[in-house]
Amino acid sequence: AQSVSQHNHHVILSEAASLELGCNYSYGGTVNLFWYVQYPGQHLQLLLKYFSGDPLVKGIKGFEAEFIKSKFSFNLRKPSVQWSDTAEYFCAVLTSGTYKYIFGTGTRLKVLA
Amino acid sequence: ETGVTQSPTHLIKTRGQQVTLRCSSQSGHNTVSWYQQALGQGPQFIFQYYREEENGRGNFPPRFSGLQFPNYSSELNVNALELDDSALYLCASNLGQGNSPLHFGNGTRLTVT
Chain A
158 AQSVSQHNHH
168 VILSEAASLE
178 LGCNYSYGGT
188 VNLFWYVQYP
198 GQHLQLLLKY
208 FSGDPLVKGI
218 KGFEAEFIKS
228 KFSFNLRKPS
238 VQWSDTAEYF
248 CAVLTSGTYK
258 YIFGTGTRLK
268 VLA
Chain B
1166 ETGVTQSPTH
1176 LIKTRGQQVT
1186 LRCSSQSGHN
1196 TVSWYQQALG
1206 QGPQFIFQYY
1216 REEENGRGNF
1226 PPRFSGLQFP
1236 NYSSELNVNA
1246 LELDDSALYL
1256 CASNLGQGNS
1266 PLHFGNGTRL
1276 TVT
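Chains as they are written, first to last, in our numbering: chain A, 158 to 270; chain B, 1166 to 1278.
This list has only true hints and no planted wrong ones.
Using 20 Å as the maximum straight-line C-alpha spacing, the simulated SDA-like pairs for lysine to any residue come out as follows:
#, chain 1, residue 1, chain 2, residue 2
1, A, K257, B, G1223
2, A, K206, A, Y196
3, A, K257, B, A1203
4, A, K257, B, N1264
5, A, K257, B, P1226
6, A, K218, B, H1268
7, A, K206, B, P1266
8, A, K257, B, P1227
9, A, K267, B, Q1206
10, A, K257, B, S1230
11, A, K206, B, G1261
12, A, K206, B, L1260
13, A, K257, B, P1266
14, A, K267, A, H167
15, A, K228, A, T187
16, A, K215, A, I225
17, A, K226, A, S253
18, A, K257, B, R1216
19, A, K257, B, L1260
20, A, K215, B, H1268
21, A, K206, B, H1268
22, A, K257, B, E1240
23, B, K1178, B, L1246
24, A, K257, B, Q1209
25, A, K257, B, E1217
26, A, K218, A, Q195
27, A, K267, B, G1205
28, A, K257, B, G1261
29, A, K257, B, F1225
30, A, K257, B, G1263
31, A, K257, B, H1268
32, A, K218, A, K235
33, A, K257, B, N1224
Sample of chain A residues at the chain B side, in silico, Cβ under 10 Å:
#, residue
34, A158
35, L203
36, C248
Hints in this document: simulated from the structure, not taken from any laboratory. Beta carbons are placed, not taken as given, at the ideal position from N, Cα and C, and that holds for glycine.
Modelling step: build the complete structure from the supplied sequences, incorporating the hints.
Structure (structure tokens):
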């Protein structure tokens, strides 16, 4: 069965530290990849997405993610986090020909001011 | 634009009862999907509706059913509630059946006692 793994469940960083959140998926075919973010008290919202083309995609608020097909990975990065980045981050995969998004278990990021 | 709205925000039910959750899709969106998010987990796909027809279903029993109305709003019905049905139920809308990103509501927190 297809699955998405997020290995870091809780991450605590100081402001200005660099961030990398891991995401791996299990599916050998074509995928569309997403990162969603949920800020405290708010709904899930799209951070960035990858469909095809340049494997390095840029999203809102300075986030970026790199699709590495050989590693089945789509890690999220930010060079310098801010206190306002405190949130829960979910990686999601949409496999070709289906309408079923598969989400990881999420990573709770806390940024200390 | 009007976002995805869900009602009610919180609900407490007793085991064996039935519940109906409601969702209004974002304006312009014709596809609605429902997700169950248990504590500490990522959203799990329940089913999707496109133009009033169910066109995708996750690993949920038949007592989870839904409807989509001509205005693209939707209901999730759960019969014979079990304790494990306690979760946050998320509604998401998007456009078409492809890979357009999901727009989520704030969810309905269901507690089954």
